[in-house]
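There are 2 protein chains.
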Amino acid sequence: MLFFFLVLSLIFTENPLLDREGVNSRGDRGLFPASYVQVIPPARYANVPPGGFEPLPAAPPASFKPPPDAFQPLLQPQQAPPPSTFQPPAAGFPYGGGALQPSPQQLYGGGYQASDDDWDDEWDDSSTVADEPGALGSGAYPDLDGSSSAGGAAGRYRLSTRSDLSLASRGGSAPPQHHPSGAKSSATVSRNLNRFSTFVKSGGEAFVLGEASGFVKDGDKLCVVLGPYGPEWQENPYPFQCTIDDPTKQTKFKGMKSYISYKLVPTHTQVPVHRRYKHFDWLYARLAEKFPVISVPHLPEKQATGRFEEDFISKRRKGLIWWMNHMASHPVLAQCDVFQHFLTCPSSTDEKAWKQGKRKAEKDEMVGANFFLTLSTPPAAALDLQEVESKIDGFKCFTKKMDDSALQLNHTANEFARKQVTGFKKEYQKVGQSFRGLSQAFELDQQAFSAGLNQAIAFTGDAYDAIGELFAEQPRQDLDPVMDLLALYQGHLANFPDIIHVQKGALTKVKESRRHVEEGKMELQKADGIQDRCNTISFATLAEIHHFHQIRVRDFKSQMQHFLQQQIIFFQKVTQKLEEALHKYDSV
Amino acid sequence: MLFFFLVLSLIFTENPLLDREGVNSRGDRGLFPASYVQVIPPARYANVPPGGFEPLPAAPPASFKPPPDAFQPLLQPQQAPPPSTFQPPAAGFPYGGGALQPSPQQLYGGGYQASDDDWDDEWDDSSTVADEPGALGSGAYPDLDGSSSAGGAAGRYRLSTRSDLSLASRGGSAPPQHHPSGAKSSATVSRNLNRFSTFVKSGGEAFVLGEASGFVKDGDKLCVVLGPYGPEWQENPYPFQCTIDDPTKQTKFKGMKSYISYKLVPTHTQVPVHRRYKHFDWLYARLAEKFPVISVPHLPEKQATGRFEEDFISKRRKGLIWWMNHMASHPVLAQCDVFQHFLTCPSSTDEKAWKQGKRKAEKDEMVGANFFLTLSTPPAAALDLQEVESKIDGFKCFTKKMDDSALQLNHTANEFARKQVTGFKKEYQKVGQSFRGLSQAFELDQQAFSAGLNQAIAFTGDAYDAIGELFAEQPRQDLDPVMDLLALYQGHLANFPDIIHVQKGALTKVKESRRHVEEGKMELQKADGIQDRCNTISFATLAEIHHFHQIRVRDFKSQMQHFLQQQIIFFQKVTQKLEEALHKYDSV
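Order-wise, the sequence lines are chains A and B.
For the first sequence, the numbering used here begins at 1011 and goes up steadily by one.
For the second sequence, the numbering used here begins at 1011 and goes up steadily by one.
The following block holds chain A by itself, in its conformation from the complex:
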């Protein structure tokens, strides 16, 4: 889903990060970061400032050292489009933002541009990602999403759309076949022709080619270890959880602006902090750009209307709890600075500290390609290239199948909930009504020996009414949590194609470099370096896959148990109602 923008005015300045104004193919006008623009200069490669043209790993412009082949043209001259044409990354391209202070993260993060000053946006759900309907829910498997929107029930039980932000921030989920390693036919280990491929944007390519550089502090080190099932993330030595409670409506500017504030209490500090959805949203964007092969859980869906309605607030809170659970469960995410800042900084009392942390996170150098530098992995001997490939391919099949079945289960649960709220309730209450009608008729017979029966039948009618209500209330207890879980996992499943793509990209580079060595076109040392770095990415990917399976088994076990327990409680309640009614006939 690439939108082509027509650049109307393109003013080349010293600072390539200043924004440009553009118009997309549908005539929508907006700003976009200049770094996305591929300028065809009058004289080839002349006077190009470093880092000016290409989205590269997050080394800040100041310290950026262009690699020798950094300024290869992305398009051959004969293929070059007219100067005013360029390709934006994806649907979520941020052209609707306000005052823009682009940061290096934007190069790969795909666009969170909030300034310190725009926290107070009236639109709590607002983000700089365009909320284009066509861009929503276009997950990894377009065919599934198609069936989802067709099959999804209208009304209360609606299938969650996957967070569009994630798709945008990962540069869209262009299917892998759009990224064949064009390098295969090339004689050198070349750059990928598609500069918007996830492999490139995530920093994977830059890292594998040895272009990433940065100073990794000890505190930033992340370890992949070998567990019984293969590579896994080293466990968080300080595990914690975090409650989310008391959603409270707050106002600002003398009531002109309203938002909901949630109270977060992490178990490791026990100090409550208050956060808005937009804080979560900001945090999500930081994480998604920082960690190329980690599946950052999607936030609960945005909603345009009814943001202050109780149902919505309750639903969002439950979604945030699930999200927080997954964040805290992830050894890497749970320990990262920006998340800890989010969990611990008392923004309401210490505005300065909050802004400091916020700015620090937005200037974090260890994002994208540099993230891989922070990884400490087991010896490379532990990895067999073919085995890795087969594992990854197996997981790809798995995610596809799981996405299918999750979608199916979501749809079924949705329908089942709707039926219980409407049809089942109605049927049981009609039975109740008919019993009451019979008892009313029987009451016309005033004889004493009839009175007990009449009361018992009336009671039975009321019991069936109550059972109807129980049916209608039940989905909140059992099906809604199942659907919340599925929504969260559908988010993860939408993340994995990109993660897999990064690993596949790295693997392709290894194969290419080996061929080059065989052909004598590359030094063995260089190829070994590429393989080492690819191994790092594979370790991380396999650790992430393992983590996914671990939390999946944990979550689905506990959720199925919860579901069945709630169902059992429900049917016991129904049975109890009936037993009460039956008891009434004893004295008749």
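I should point out that these hints are in silico values taken from the structure, not numbers from a laboratory.
There's no promise every hint is true.
Identical copies go unnamed one by one, so any copy, or any two together, can satisfy a pair.
Straight-line C-alpha distance at most 30 Å; calculated BS3-like pairs for lysine-lysine [claimed, not checked]:
1) K1325 with K1567
2) K1583 with K1594
3) K1370 with K1267
4) K1231 with K1406
5) K1435 with K1583
6) K1583 with K1567
7) K1406 with K1594
8) K1594 with K1411
9) K1436 with K1411
10) K1410 with K1328
11) K1567 with K1594
12) K1231 with K1288
13) K1262 with K1328
14) K1373 with K1567
15) K1436 with K1325
16) K1328 with K1273
17) K1325 with K1288
18) K1583 with K1436
19) K1227 with K1362
20) K1259 with K1435
21) K1273 with K1365
Following the hints, position chain B against chain A.
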């Protein structure tokens, strides 16, 4: 619902019971008993043989003594239709019979004409009552029946139509307003102008006017006693029950004819007898004509197709069991000769004894008007005319309301059963299928720590499948019996308007006779006689109403208990399935 027949050929003979051929308003041709024909003789009232023109109480022709005003013309000469025109009684008029041997019962019973020889009719459901669709289900409350046919679900759960035979045998259920006592405006205690009114046909009028006569044997005596709630039938000193089992397909004439035979075992003899539906049908007709103010339970509905299908046979057997239960519960019906003959005579081994009893029953003199002669009642002082009237009116309201609510409950139960068999089953099985789909997806992950969960989810899927089946099977256990009960009571409710009509007719005669005494037109003694006989009818009617309430409370209590018990068992089964599934997660 009177059908006007055009008599094509009307041959007057000495025996007025010989049948005539006629054609109804729709052109259907058939035979009908000559006694229904009102002949307009060339010379008024000349040469009319006794009992020839009018349907009168069941005194057999031989002993019949025409009262002084027995031969009043039914229509004034100036209103007289052409000789070939007459009015048949009602919808169920028997014109489809085979070889006819009319008996006195036919005069009021409205038409069972089976001979000894036609037991073997291929059509097991056959009766001499015309199965005219328009004549079916036109119960006491046409408006209700209208809604019934509109609301009744098609398919398996269909509202039982009330037995047409009963309507026919009671001469149709022309609503009471069709029978205003035309006598009110007359100066004498006259005959009702409408000779087809239930009051007349039941023999009520003849009895009240003192025209019934017969020799009552001691064994035929029936007692109404005063109980705590008013008049009631004296209890059967030899209570019994009767099982109906082993419905077996039998063949006759080298397999040319097939029928189902049921084994009946009455508790007081313990000797099994075998009966076909048509035997029940014959018995029903005998009872319906014999007892004018007793609500003879209707037989389960006739069915044209699928008579040998298991479902139908099982359903009919259940209906017959209900019917037998109500027969055996009724102090008068349970003890009557024809029923005992039916229960005890081993027709298959002693054909002669069976035919003898059959013929005897068909020649029973104590039917209709004479039935009232067999009643022995408490002193007349126990009855206050106004109180009786108010009680009867109250009961009339009651039956109306009960019929409404029974119809409503039947419709609801029908729909509820249908929903469980279709929708509920489908919903639960779709949930089961989706769980199984999820477990199949999870099985793609071959890791050991995942296997337990996969199996548990697959088991949960199967559990929901099984729950779907439970829902589909449940209506047989709980809703079907409720609907069977309602069908039986709807039959009773359809009987009562006629019973009430007989009592009302008698009451009107009393009022009339009192006025005549006041006006000096009648001797006090004669009026007292009328009042005494009216009291007898009132006692019997009130006893019958009391019996109805008694069995109603008994039946609805036990049926509601049964229903709730079955529902409880059902929900416990569901809970158990879920608990089994939950248990599977323990070892995950």
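Practice task
Hints the structure violates: just list their numbers, smallest first.
Solution key: Numbers 14, 20, in rising order.
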